[in-house]
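**Student:** Residue-level listing of the chains:
2 protein chains.
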Amino acid sequence: MFAGCPFKILEQPKFVYDGKWLKMREVRFRKSDSLPEQVWESVHRRTVPSSKPDGVDVLATLHKDGKKYFILIKQYRIPMAGMCLEFPAGLIDEGETVEAAGLRELKEETGYTATKVLSCTKGKQGLSPGLSDESVNFMIVEVDGNAPENKNPKQNLDDGEIIEVVLVECDRLLPYVELICTEVHVESMLYAFALGMNYAQHFL
Amino acid sequence: MFAGCPFKILEQPKFVYDGKWLKMREVRFRKSDSLPEQVWESVHRRTVPSSKPDGVDVLATLHKDGKKYFILIKQYRIPMAGMCLEFPAGLIDEGETVEAAGLRELKEETGYTATKVLSCTKGKQGLSPGLSDESVNFMIVEVDGNAPENKNPKQNLDDGEIIEVVLVECDRLLPYVELICTEVHVESMLYAFALGMNYAQHFL
Numbered sequence: 001m002f003a004g005c006p007f008k009i010l011e012q013p014k015f016v017y018d019g020k021w022l023k024m025r026e027v028r029f030r031k032s033d034s035l036p037e038q039v040w041e042s043v044h045r046r047t048v049p050s051s052k053p054d055g056v057d058v059l060a061t062l063h064k065d066g067k068k069y070f071i072l073i074k075q076y077r078i079p080m081a082g083m084c085l086e087f088p089a090g091l092i093d094e095g096e097t098v099e100a101a102g103l104r105e106l107k108e109e110t111g112y113t114a115t116k117v118l119s120c121t122k123g124k125q126g127l128s129p130g131l132s133d134e135s136v137n138f139m140i141v142e143v144d145g146n147a148p149e150n151k152n153p154k155q156n157l158d159d160g161e162i163i164e165v166v167l168v169e170c171d172r173l174l175p176y177v178e179l180i181c182t183e184v185h186v187e188s189m190l191y192a193f194a195l196g197m198n199y200a201q202h203f204l
Numbered sequence: 001m002f003a004g005c006p007f008k009i010l011e012q013p014k015f016v017y018d019g020k021w022l023k024m025r026e027v028r029f030r031k032s033d034s035l036p037e038q039v040w041e042s043v044h045r046r047t048v049p050s051s052k053p054d055g056v057d058v059l060a061t062l063h064k065d066g067k068k069y070f071i072l073i074k075q076y077r078i079p080m081a082g083m084c085l086e087f088p089a090g091l092i093d094e095g096e097t098v099e100a101a102g103l104r105e106l107k108e109e110t111g112y113t114a115t116k117v118l119s120c121t122k123g124k125q126g127l128s129p130g131l132s133d134e135s136v137n138f139m140i141v142e143v144d145g146n147a148p149e150n151k152n153p154k155q156n157l158d159d160g161e162i163i164e165v166v167l168v169e170c171d172r173l174l175p176y177v178e179l180i181c182t183e184v185h186v187e188s189m190l191y192a193f194a195l196g197m198n199y200a201q202h203f204l
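Sequences listed follow chains C and V, in order. So for the first sequence, full-length UniProt numbering puts the first residue at 1; every next one is plus one. So for the second sequence, full-length UniProt numbering puts the first residue at 1; every next one is plus one.
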């Protein structure tokens, strides 16, 4: 499984903790023969579909009455012990395509139905490659807010789940995340997207 | 520690695995009184400085002979079991500022010395808020490639560490990551940044 690895893997990877959703792995290796043995710990989802990424992040814009908004979500995250602002996202179910998962999660979490799929990334985009193998794809979609199915968007959340839908005007994304980022944890992908927009507008 | 949490936390968070670098945590909770008990597992770095993010990602552009490049790195990542393309980045040392860590990591990993710091984000940008509390800040810097200290950049890597510096022309970032993303894992922040640039150029 470590094809192309420039280091010397000393034994089969060992799962040292096996939880309900997550597993912790230890890999013993040497960077070269003359260097001491090291251990790399990492975390892996039990649900992982091997050929696909774990999840999908949906970059959705709402087009309504001549304005454009990013559709974002705000929710309390127990791992972070705080409120987080994120793109709508979720894990891909067994047998589900990336696109189907993205459309389903957008609908469940925000109530909106995508009216146009613009693109979906390939490969696996690692969320934190030094810590885990968790990965996503990004799907870019448009939502026509004046279409009948989007007139009264209704979330379809699990019992007790609380997700707030946040609409941010597209050309105001960076100022918005800059303003709230000390009160709410803005996920890194969303912040990086906003910085990329700003870079293209002002520095390219 | 769960101030503002809309769920009912049932007991003190429990660390169920304690590794060398990582810890696994279990939190038992109910979404409401009438709903069954659930458990949220998450992973936490042992090195975490509580008031700062764990790490810093450096968005660095190299300005050389009238052209502009993003300075990226490619390295084998044991958790992902594959090569990854990433922004230069690293953990913030005890007592170190975010900015100092960013400049240090850029120099160590790429050999380049930033000649101008444009900005640095505040708060904590979560890498994977459903799985861990790992977080970063983003620092944006410029590197004058014609400055004496950047004429012959030399990495300062740990023994046996192998990091390839990859320069990508700034206006070619999205086509580049789209092309290589099935061969190399492009980290989510870098891919999101590229999508943000493209969004601002073509859809705003």
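The hints are simulated quantities; they were obtained by calculation from the structure and are not laboratory data. Quick caveat, the model's predicted, so the values are computed rather than measured. Mixed in with the good hints there might be a few duds.
Each pair may be met inside one copy or between any two copies, as identical chains are not told apart.
As the list claims (entries may be wrong) - Simulated pairs of lysine-lysine, DSS-like, Cα-Cα distance not exceeding 25 angstroms:
no. : residue 1 : residue 2
1   : Lys74     : Lys31
2   : Lys64     : Lys154
3   : Lys116    : Lys154
4   : Lys23     : Lys64
5   : Lys154    : Lys14
6   : Lys23     : Lys154
7   : Lys68     : Lys14
8   : Lys154    : Lys31
9   : Lys64     : Lys52
10  : Lys20     : Lys116
11  : Lys31     : Lys116
12  : Lys64     : Lys122
13  : Lys67     : Lys151
14  : Lys122    : Lys14
15  : Lys67     : Lys20
16  : Lys31     : Lys20
17  : Lys151    : Lys74
18  : Lys14     : Lys64
19  : Lys107    : Lys31
20  : Lys8      : Lys74
21  : Lys151    : Lys52
22  : Lys67     : Lys23
23  : Lys20     : Lys8
24  : Lys67     : Lys8
**Student:** Take the hints in turn and mark each one as holding or not.
**Tutor:** We went through each hint and held it up to the structure:
When the C-alpha separation of Lys74 and Lys31 is checked against a cutoff of 25 angstroms, the pair qualifies only between copies, where the shortest distance is 16 angstroms, while the shortest distance within a copy is 42 angstroms. Taking the closest pair of Cα atoms, Lys64 and Lys154 come within 25 angstroms of each other only inside a single copy of the chain (17 angstroms); across copies the shortest separation is 52 angstroms, beyond that limit. In the homo-oligomer, the alpha carbons of Lys116 and Lys154 lie at most 25 angstroms apart inside one protomer (19 angstroms), although the nearest pairing across protomers, at 47 angstroms, exceeds that limit. Taking the shortest alpha-carbon separations for Lys23 and Lys64, neither the intra-copy value of 44 angstroms nor the inter-copy value of 45 angstroms comes in at or below 25 angstroms.
Taking the shortest Cα distances, Lys154 and Lys14 never come within 25 angstroms of each other, neither inside one copy (44 angstroms) nor across copies (36 angstroms). In this homomeric assembly, Lys23 and Lys154 never come within 25 angstroms of each other (Cα to Cα): the closest approach is 35 angstroms inside a single copy and 38 angstroms across copies. Proximity of Lys68 and Lys14 under a CA criterion of 25 angstroms is satisfied in neither setting, with 49 angstroms inside one chain copy and 44 angstroms between copies. Taking identical chains as interchangeable, the C-alpha atoms of Lys154 and Lys31 lie at most 25 angstroms apart only when they sit on different chains, with a minimum of 20 angstroms there against 53 angstroms within one chain.
Proximity of Lys64 to Lys52 under the C-alpha cut-off of 25 angstroms is found in neither arrangement, the shortest distances being 33 angstroms within a copy and 39 angstroms between copies. In this homomeric assembly, Lys20 and Lys116 never come within 25 angstroms of each other (Cα to Cα): the closest approach is 37 angstroms inside a single copy and 47 angstroms across copies. Proximity of Lys31 to Lys116 under the C-alpha cut-off of 25 angstroms is found in neither arrangement, the shortest distances being 48 angstroms within a copy and 34 angstroms between copies. Within a single copy, Lys64 and Lys122 get their C-alpha atoms no closer than 30 angstroms, and across copies no closer than 32 angstroms, so neither meets the 25 angstroms cut-off.
In this homomeric assembly, Lys67 and Lys151 come within 25 angstroms of each other (Cα to Cα) only inside a single copy, at 15 angstroms, whereas the closest approach across copies is 48 angstroms. Proximity of Lys122 and Lys14 under a CA criterion of 25 angstroms is satisfied in neither setting, with 29 angstroms inside one chain copy and 37 angstroms between copies. In this assembly of identical chains, the alpha carbons of Lys67 and Lys20 never lie at most 25 angstroms apart, being 44 angstroms within a copy and 51 angstroms across copies at closest. For a Cα distance limit of 25 angstroms, the shortest separation of Lys31 from Lys20 across copies, 18 angstroms, qualifies, whereas the shortest one inside one copy, 33 angstroms, does not.
Proximity of Lys151 to Lys74 under the C-alpha cut-off of 25 angstroms is restricted to the intra-copy arrangement: shortest distance 21 angstroms within a copy versus 46 angstroms between copies. Taking the shortest Cα distances, Lys14 and Lys64 never come within 25 angstroms of each other, neither inside one copy (52 angstroms) nor across copies (46 angstroms). For the identical chains of this complex, Lys107 and Lys31 are inter-copy neighbours only, at 21 angstroms across copies versus 46 angstroms inside a copy, given an alpha-carbon limit of 25 angstroms. Only between protomers do Lys8 and Lys74 lie at most 25 angstroms apart by alpha-carbon distance; the minimum there is 18 angstroms, versus 43 angstroms within a single protomer.
Taking CA atoms no more than 25 angstroms apart as the test, Lys151 paired with Lys52 passes in neither setting, with 33 angstroms inside one copy and 42 angstroms between copies. In this homomeric assembly, Lys67 and Lys23 never come within 25 angstroms of each other (Cα to Cα): the closest approach is 44 angstroms inside a single copy and 45 angstroms across copies. Taking the closest pair of Cα atoms, Lys20 and Lys8 come within 25 angstroms of each other only across two copies (20 angstroms); inside a single copy the shortest separation is 31 angstroms, beyond that limit. Neither within a single protomer nor between protomers do Lys67 and Lys8 lie at most 25 angstroms apart by alpha-carbon distance, with minima of 55 angstroms and 39 angstroms respectively.
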